[in-house]
Amino acid sequence: MQHSSKLVFFAALLGAICTTLSPAIANDIVPTPKQSRSILIKNATVHTVSQGVLNNTDVLIENGKITAVGSQLTSQTSSKAVTDTSETHIIDASGKHLYPGLIALDTSLGLVEIEMSRPTVDNAEVGYMNPQVSTATAYNPDSELIPTIRFNGITHAQIVPNGDGLAGQSVLVNLDAWTIEDALTPTAGQFHVYWPHIKYMPEDEKKKAKALEKNQQAINDLNIAFEDGYRYFLSDKAKSKDKNKHETPQSATNNLRCQAMLPLYQGKATLFAHADSVGQIEQVIALTKKYQFKLVIVGGYDAWRLASSLKDVNAGVIYPHTLSLPRRKDEPVDLPFKIPSLLANAGIPFALGFSSDWNSRNLPYAAGYSAAYGLTPEQALKSITLDAAKLLGIEDLGAIAVGYQGSVVLSEGDILDPMTNKIDAIWIEGRQIDLNNRHQQLYQKYLKR
Amino acid sequence: MQINNKIIISCSIIASLISLTVFAENNTGTTPNKLTALTHAELIIAPGKHLSNATLLVENNRIKAIIEHGNIPAGAFEIDLSGYTIYPGFIDPFTDYGIEFKYPKLGLTRPVYDIKRIGGNADNGAIHSEKEWFNYVYPDKERAKEWINNGFTSVQSSKLDGIFRGTGVSLSLADKTANEIIYRARSQPFMAFDKGTSEQDYPESLMGSIALIRQTFADANWYNENKNKPTNSAINNQIEFNIAFERLDNLADKQIIFETQNLNDQLRAAHLLKAHKLPANLLGNGQEYSRINELKALNYPLILPLNYPQAPDVGTDDAEREVSLAELRQWERAPTNPATVAKAGIPFALTQFGIKTEDFWPRLRQAINQGLSEDQALAALTTQAAKMAGTDNFTGKLEPGYMADFVITKGNIFKDGQIYSVWLQGQAQTVRSLAQAKLLGDYQLNLDNLTLDLSLQDVSKNDKPKIEGNLSSGDNSITLNQPQLDDDGKLSFTVDLSAAGINGMSRFTLWMTKDGIQGRMTDAKSHTTNVTGIAIAHTVALNSIDNESKKTLKNEASVNLVSHLTFPNVAYGLSEVPKVEKLHIKNATLWTSDKQGIVEHADLLMANGRIEKIGQQLSTPSGYQVLDATGKHLTAGIIDEHSHIAINGGTNEGTDAVTSEVRIGDVINPDDISLYRALAGGVTSAQLLHGSANPIGGQAQLIKMKWGESAEQLKFANAPASIKFALGENVKQSNWGEKFVQRFPQTRMGVKAFFEETFDAALAYEDALKNYDDLRASDKKKTIAPRPSYRLQAVAEVLNQQRDVHIHSYVQSEILMFIRLAEAYHFKVQTFTHVLEGYKVASELASHGAGASTFADWWAYKFEVYDAIPQNACLMQNKGVTTSINSDDYEMQRRLNQEAAKSMMYCNMSKEDAWNMVTINPAKQLRVDEFVGSLTTGKVADIVLWNAEPLSIYAKVTQAWVEGKRYFDRDQDLLAQQVIVNERAALIQKILNSDEQAKAGEKVTPLNEPQWHCDTHYQAWGQAHQGAK
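Chains as they are written, first to last, in our numbering: chain A, 15 to 463; chain B, 684 to 1712.
In short, the hints are calculated from the structure, not lab data. Warning: the hint list may mix true and false statements.
Unchecked claim - Here are the simulated BS3-like cross-link-like pairs (lysine-lysine), alpha carbons at most 25 Å apart as the crow flies:
no.: 1; chain 1: B; residue 1: K1422; chain 2: B; residue 2: K1545
no.: 2; chain 1: A; residue 1: K221; chain 2: B; residue 2: K1682
no.: 3; chain 1: A; residue 1: K404; chain 2: A; residue 2: K304
no.: 4; chain 1: B; residue 1: K1686; chain 2: A; residue 2: K224
no.: 5; chain 1: B; residue 1: K1686; chain 2: A; residue 2: K220
no.: 6; chain 1: B; residue 1: K1039; chain 2: B; residue 2: K1686
no.: 7; chain 1: A; residue 1: K352; chain 2: B; residue 2: K1639
no.: 8; chain 1: A; residue 1: K253; chain 2: A; residue 2: K282
no.: 9; chain 1: B; residue 1: K828; chain 2: B; residue 2: K859
no.: 10; chain 1: B; residue 1: K910; chain 2: B; residue 2: K859
no.: 11; chain 1: B; residue 1: K732; chain 2: B; residue 2: K1070
no.: 12; chain 1: B; residue 1: K1315; chain 2: A; residue 2: K352
no.: 13; chain 1: B; residue 1: K1607; chain 2: B; residue 2: K1648
no.: 14; chain 1: B; residue 1: K1545; chain 2: A; residue 2: K213
no.: 15; chain 1: B; residue 1: K1594; chain 2: A; residue 2: K436
no.: 16; chain 1: B; residue 1: K788; chain 2: A; residue 2: K221
Just chain A, same shape as in the assembly (with noise of 0.2 Å):
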């Protein structure tokens, strides 16, 4: 009876802050429909990503995808080009630049409204074995902080779940979505691993030694919780065998846990494996060769040193420290902006990440610093655009070309710089999308006053 009681009590209270919060944390920007009419977007500077930069370039979307890429484009369903029609919205976009749409890999969007207010926060579960939670459960399509994230350019992100150990599955989303069955982009399961490490090695003797005693035990316990899903993976196959010999139930003892770790022993997930050091990397590799799993690391600070050991796993990186201090004392101080030159020189395939909610639409800034630090600013737009689709194995998003979604970004600049950027219009699928976002209204608002 208590026990209901304070539910009851707890569900009001619950209630209440819902009430006092909704306002702040669900924005009123409507989702635009599908795409009805054909896009015709004419003498842009087109930054294919797969093609190079194409001058003077038209770009056509329908139903949601690239159609064609050339100069003098009409459209497919109506010859005229040069003006709007009901079937085609044509745009002149002479002078200015066209970007496929800017992936944001490894952020909390929609997890995290107000990163020190509670029960706003919803990116971390407790405990270090939690494979079957996924961040899709929990994404808040509403929230105020995305079209201020889409404003930069950014179409689509990654939800990642944080934590200790295996802290759960991401999803990919594009940002515009009543729901997050809208806002899903279909990608192989993504499973999320936080590597253990001392994160402030103490200065005390003993508590150090404490700290490296917690820190082996931490990793010999995610070693025995990814064995004990091999053997339940063993156990299952085995299974699936005799069901169709003896069509027997499935057993009720299955492990939730275990069975959601399935797709990955079976090759049909990928484990995102969060790791900075070339101890941790290593550690990751050795544990991904006894599975076969497909390995993406996150973090990587250190990976550009381990190219040929990431290449025998086939292993890419999600680098999200470009905008970061160097980890070691001695390192040059520019060594995080050099970071994504090194992992191309190294040949390692990667992304840039930003792992962040508010912040990750600093995103094309961080591509925009690897530029001046190595990297061509074609592999930098790459590094966040195309790159990083294809380390969530997804063929037709990232570029812009014949068969791609039509997710591209429309700016008066250089998307990757700050000085120049002005971005004019979005389309996510052939949507154009509202740039209006909570600052934008807040703006307005205060410059009448």
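Fit chain B to the known structure of chain A by using the hints.
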């Protein structure tokens, strides 16, 4: 009188009771006079003064005479010490030996605002100045050995706990009564920054400790100046009794012993004490060599521990990567430190503090291998140490009248000599048996008509004596069974002499005589035969040198240093501080940040640290270097209004709601690589602010990125005083956890009330000071002066417009509140910092005249920034508010140029306005725009050259000058990267090639402070992180 008698009586009762339990002391008369002559010894009577073949005459516990030639007085008991050396007993001035006391552990949990007041103590739990440690002296025979075995005869001790630790005591290590061993009951006051076991929250930071010391010095002066004033009793202005303050009287006549953990703290202590004109001796740290000139200028004697770090783990490349060059260098250089200190002419003593006692001599010998002279080492162990212990008129030398505290060694103690016995107050304590040493060697033994050769060798290990030997005749040799030496010098062993015709096991007892040895042999039939022996050759065998010494000798080959010494002594440190340049920068695009705006194809002349001339196609004056800057962009250095880099020991003293007495300027860390990284991002000045844990935080410090200079030299000269205030969630403890709900204020309403109360208190304080000041001299003698308060003084300075307020603020209500409050108290708010909702009250900010220093695009990290927008800067700028972009972040600080550019993207700000937001505008907010912030003739040459438009994402700093000196150069940086790689490689090779002895040492985990942010809660004492956000 009566009281004293009573104490004596009760003491003697206890004493007699104790005695009775053992045996009854014969208390009938005087003890017999003991006169001992130690003859034929090498006497080291003081550093640099040796006497050969001389006699030390000891009477009871004192040295009676030193007799060079001539006769030993009759009645003296003689000990022949031919071949031995006598040194004055060593003194360790920094110990906690013999103090029997523990502070009670209350087990309180934070927050703890107040402590229990007992017996007139101070109101802070880290102040124990009332303690006089002689009260707790009780000899500890076992622990004393830790010193005695190394030749120490006396120490200075104090409980090493707290900030004001009480008055130390100098005492002998002799095993006598407490009364007898106390050499100086009140020696020196002990101090430290570490608050130790105090359970009170304040001070939680290093700067808090420094502020507490400063306030306590002032309190003590005030107390002792006022306590005896005959006051008008009608007015209740008696001073309450405070024994802690009373005992801090006349500090200037004492020598404070100040403990710190590292070089920066040591320098801080020196500056603090110097400012108060207080004499002191500072505990060292082994890093003195890296800023030896600065230390020398402060001129405080040092107490050096021989703490050499263990070689860092470089066994794998992954482990090595986590080791900094600074750590590698310290491993190599630590043994050179004592020699460097000596060479600089800084007086110093040595201490065993901080190391295992068995390491002391090997370490000291390493230091001697690295250039410390034996006389310097001896002075450090004797005369210097005696001075610090306040016992130099009777210890530290072999001199008549001095205590009979000395060390007898065989050989030179600073090379390979060994300690045989240590005399404490005339009582010998054996370390190695003297008798044994004398017995060693070869003898020809005669027993009856048999002649045998006896050979005795020392196989002692450490201080465990052991002898081996054999008897031989011709080719026959028989090993002695269990040779034993007793305290009287008698050697006994058994041996089977059947081969010589004596059947069964024979037992020998032998002892020394003048010419050799004599004794007796008892054979199997219990028949005794006399034995006499003549020494054949009395050699000191090489194996008397212990293994440690051998290793030390081996190390002599490795004195060549491979590490560099730089300023600061970390990676990217400069080998010398750069010189002021005379430079003609040609054909650059000048972003002037003044009326001229952006000027293309312009020249700039720089000399004497100033901008001399700006123009087009200038001619190069003679003596000027030319720098062709075609295609490059020249700007004033970036100024960051809000930063927490280069600080040690916490950025918050967040324990009380007002801590205006703490000063960031006290805790500048000149070794922080962040200074260099900031320069690489074009930042030349930054205001280091206290955090935002309380409404009235600490005093701020504007610095320049003069990489390589000292903490003092980093300070921006002539900058106005400033202070951090704060509003909102942090000060009302919203995110501190549920325990922190007691402190006023807990709401924005309370914050305002708190300011009002504090301002009024400051005004009242000022009035009281003024009223007292206005009194006639004669009245002052009868009136208690107001108790000084650095806290209220700083607040009063704000109200008097003598200290600028930089106030952390977010939401419009609190911004508006504080503007109106300031107006009510008639002062101007200099700058609102963060001020993320400044756009909502931009007109009010403008009409008040406050500046606004904000983030380009930060938001959503907490509730009070949910209305933050990236157009904030534009909206404020449009209304005429002087607006700047700050970092409050180690990383973003080096990208402030692009942060400014975001206002171009989000709200179409012009290039000029955007650039002003990181140069001239913050200069105005900090009121240093007359010196810096623009490229204007006559201003200080804090300038930066860029390879592209500085607002562009592709811009990189190629050079940065501060005051006309080039502290950053990208080409030099590239070279430095390679130099660092090479130096690391050389040091790593050196470690890998070293023997275990050279690798051994104290385990060191480098000071692992987090990156400071506004709301970092850090316990400097005990290093427990509460997490940084």
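Hints versus structure:
1. B:K1422 - B:K1545: holds (20 Å)
2. A:K221 - B:K1682: At roughly 23 Å apart (the allowed maximum being 25 Å), K1682 (chain B) and K221 (chain A) satisfy the hint.
3. A:K404 - A:K304: holds (24 Å)
4. B:K1686 - A:K224: This hinted pair holds, its Cα atoms lying about 15 Å apart.
5. B:K1686 - A:K220: Holds, because 11 Å separates the two Cα atoms, which is no more than 25 Å.
6. B:K1039 - B:K1686: holds (12 Å)
7. A:K352 - B:K1639: With Cα atoms ~13 Å apart, K352 (chain A) and K1639 (chain B) stay inside 25 Å; holds.
8. A:K253 - A:K282: Satisfied, since the Cα-Cα distance of roughly 19 Å is no more than 25 Å.
9. B:K828 - B:K859: Holds - the C-alpha atoms of K859 (chain B) and K828 (chain B) are around 14 Å apart, at most 25 Å.
10. B:K910 - B:K859: Distance of about 40 Å is beyond 25 Å: violated.
11. B:K732 - B:K1070: Holds: K732 (chain B) and K1070 (chain B) sit about 18 Å apart, inside 25 Å.
12. B:K1315 - A:K352: Holds. K1315 (chain B) to K352 (chain A) sits at ~22 Å (cutoff 25 Å).
13. B:K1607 - B:K1648: holds (23 Å)
14. B:K1545 - A:K213: holds (23 Å)
15. B:K1594 - A:K436: Holds - the C-alpha atoms of K436 (chain A) and K1594 (chain B) are around 15 Å apart, at most 25 Å.
16. B:K788 - A:K221: holds (21 Å)
In terms of the numbered hints stated before, the structure departs from hint 10 and from no other.
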